[in-house]
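Engineer: Residue numbers (numbering that gives the first Met the number 0), protein chains in the order written: chain A, 0 to 157; chain B, 0 to 157; chain C, 0 to 157; chain D, 0 to 157.
The set of hints was computed from the structure by calculation and includes no laboratory data.
A quick note: this is a predicted structure, and the numbers were derived from the prediction, not measured.
Check each hint, because a few of them may be wrong.
The list cannot tell twin chains apart, which means a pair is met if one copy fits it or any two copies do.
Said to hold, decoys possible - Heads up, simulated DSS-like pairs for lysine-lysine below, C-alpha to C-alpha not over 25 angstroms straight-line:
hint, residue 1, residue 2
1, K2, K153
2, K47, K139
3, K47, K138
4, K138, K35
5, K138, K75
Each chain, written out:
4 protein chains.
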Amino acid sequence: MAKVGIIYYSRDGNTRKMAHLVAEGVRGEGLEVVVKRVEDTNIDDLLKWEGIIAGSPTYYGGPAAPLKDFFDRSVKYHGQLEGKIGGAFTSSANIGGGNETTILSILQMMLIHGMIIRGTSRGDHYGPVSIESPEERAKKGCEELGARVARLVKRLSE
Amino acid sequence: MAKVGIIYYSRDGNTRKMAHLVAEGVRGEGLEVVVKRVEDTNIDDLLKWEGIIAGSPTYYGGPAAPLKDFFDRSVKYHGQLEGKIGGAFTSSANIGGGNETTILSILQMMLIHGMIIRGTSRGDHYGPVSIESPEERAKKGCEELGARVARLVKRLSE
Amino acid sequence: MAKVGIIYYSRDGNTRKMAHLVAEGVRGEGLEVVVKRVEDTNIDDLLKWEGIIAGSPTYYGGPAAPLKDFFDRSVKYHGQLEGKIGGAFTSSANIGGGNETTILSILQMMLIHGMIIRGTSRGDHYGPVSIESPEERAKKGCEELGARVARLVKRLSE
Amino acid sequence: MAKVGIIYYSRDGNTRKMAHLVAEGVRGEGLEVVVKRVEDTNIDDLLKWEGIIAGSPTYYGGPAAPLKDFFDRSVKYHGQLEGKIGGAFTSSANIGGGNETTILSILQMMLIHGMIIRGTSRGDHYGPVSIESPEERAKKGCEELGARVARLVKRLSE
Chain A
0 MAKVGIIYYS
10 RDGNTRKMAH
20 LVAEGVRGEG
30 LEVVVKRVED
40 TNIDDLLKWE
50 GIIAGSPTYY
60 GGPAAPLKDF
70 FDRSVKYHGQ
80 LEGKIGGAFT
90 SSANIGGGNE
100 TTILSILQMM
110 LIHGMIIRGT
120 SRGDHYGPVS
130 IESPEERAKK
140 GCEELGARVA
150 RLVKRLSE
Chain B
0 MAKVGIIYYS
10 RDGNTRKMAH
20 LVAEGVRGEG
30 LEVVVKRVED
40 TNIDDLLKWE
50 GIIAGSPTYY
60 GGPAAPLKDF
70 FDRSVKYHGQ
80 LEGKIGGAFT
90 SSANIGGGNE
100 TTILSILQMM
110 LIHGMIIRGT
120 SRGDHYGPVS
130 IESPEERAKK
140 GCEELGARVA
150 RLVKRLSE
Chain C
0 MAKVGIIYYS
10 RDGNTRKMAH
20 LVAEGVRGEG
30 LEVVVKRVED
40 TNIDDLLKWE
50 GIIAGSPTYY
60 GGPAAPLKDF
70 FDRSVKYHGQ
80 LEGKIGGAFT
90 SSANIGGGNE
100 TTILSILQMM
110 LIHGMIIRGT
120 SRGDHYGPVS
130 IESPEERAKK
140 GCEELGARVA
150 RLVKRLSE
Chain D
0 MAKVGIIYYS
10 RDGNTRKMAH
20 LVAEGVRGEG
30 LEVVVKRVED
40 TNIDDLLKWE
50 GIIAGSPTYY
60 GGPAAPLKDF
70 FDRSVKYHGQ
80 LEGKIGGAFT
90 SSANIGGGNE
100 TTILSILQMM
110 LIHGMIIRGT
120 SRGDHYGPVS
130 IESPEERAKK
140 GCEELGARVA
150 RLVKRLSE
């Protein structure tokens, strides 16, 4: 059965809240989903999931070091994640505070693994951004990201 | 029938050569492909193609203005390119001369259209880069990009 | 006398408003400033200015084609803008709508010219972003950008 | 006396070699320079240096996690690095392997600190890239980066 894994790093809880909203979007498409703190995630988990969504607060315009470290270690499976579906989200303190570069850094790690990603023509195009705690706009964006990834997982695993 | 369109801007001929190599990769997967100079492309063409691959020389770390202008005008069909498959390539004068940022700028335009893109775990991860005229490494990367996009078009149009 | 030039492209007027707010920041530091639509700017102007600030609406995650075209043509003076001071700003429809990538694309064009740029530890770090018409936060950011570039121009032209 | 600090992470030794070449460029401009592994660097060191240059291998299109972690912890001094001069370099396995995005990720961290950076109109525009061990082209780029940062430190500390 197709599975989606959501990995996040969170200190203030904003990114954690986003992770669970993204999970709702996945569930709404009827797919099984796992939400895990990056500290509790084993890189072996990456092999099991067909969709991988990662979230981080915006730290100096990029993903927090624990998430970067996780992806650095994923080199062990370099080549084996080809064709999996990816997505990214971030929480940030400022509108122009490095949130897009954080999301794009995560998406770039996924592209380098040969993964498949998708943007959206509405809202936050690269992936949902929450300024502080997720309000209505960010909530909707998170659910849409989950649904978007889930639909692509379903189509590609037929 | 599934179709892939390759749009390029070229002044020295290097990006044009790459476009035709990418086309060979598409054809190798049995898909019909059209190669067009951006000056000869109508934005209406975007609606007909299921895969859209765009190439440009690296000009100041981004796509040449005629290609940017083409995508700016594509706003007429904003929302209607959702779910199409994209890819990008560039020719550059220097190794660190802005070629990755050029490819990523093109991929970002596609993500903003809601398109689907895919990286590769081998070689030029975001898309093929040719330093001057495409040599063996870049040739292979171009053909692989064409094949990669074509395979995804086939899987998603089943 | 040290001079700063502000070049912008604007269709809805939001980027134009930002340009004039940035100019106030420059004037507040006692420097002469020129504000010009990119359509009215000659690339020769770049040689006269010690500070160059460029603004654009966010179009598909990058600068509008007329601004990109201007920088593409600036290749005529490649190497002659070394050491000049740069800055960038954008107006956007969405928070995660490609505004950071637009500003970074402009800053990358400046770095490729060998120019000097500076971020800020407060607010919009790479350069001011206005969501639609500039409100209080964006206004302050624009004035600070102008002041920041002007101060650097003064220090480096002593 | 003006000082430049070079921080690097290296596993294969390529980035370490680059760090020492950058240091030669700084010394050639008559400035004192310190070269340190990121593991041996204290974030307090950042306060002492007027120029800060950071290097990393290209890991999934971004800086290695230990360097990212170092910058994440530098938040302790957020606002206190305003106006310092920065620069970045990377070693990579492939031409289009994520090296530009790695350098830009480091430069973005510096911009978010309010630091000043400078590109170059020749060679690797954002910062030197070495494909595997630094050959002649990369060596020259490293020395030029060191000299570029050193000259800016001297001009701004007059």
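Engineer: Determine for every hint whether it applies to the structure shown.
Structural biologist: Evaluated hints:
Taking the shortest alpha-carbon separations for K2 and K153, both the intra-copy value of 10 angstroms and the inter-copy value of 23 angstroms come in at or below 25 angstroms. For a Cα distance limit of 25 angstroms, the shortest separation of K47 from K139 qualifies neither inside one copy, at 27 angstroms, nor across copies, at 31 angstroms. In the homo-oligomer, the alpha carbons of K47 and K138 never lie at most 25 angstroms apart, since the shortest distance is 27 angstroms inside one protomer and 34 angstroms across protomers. Proximity of K138 and K35 under a CA criterion of 25 angstroms is satisfied intra-copy only: 19 angstroms inside one chain copy versus 40 angstroms between copies.
In the homo-oligomer, the alpha carbons of K138 and K75 never lie at most 25 angstroms apart, since the shortest distance is 34 angstroms inside one protomer and 28 angstroms across protomers.
Hints 2, 3 and 5 from the list above are not met by this structure, while the remaining hints are.
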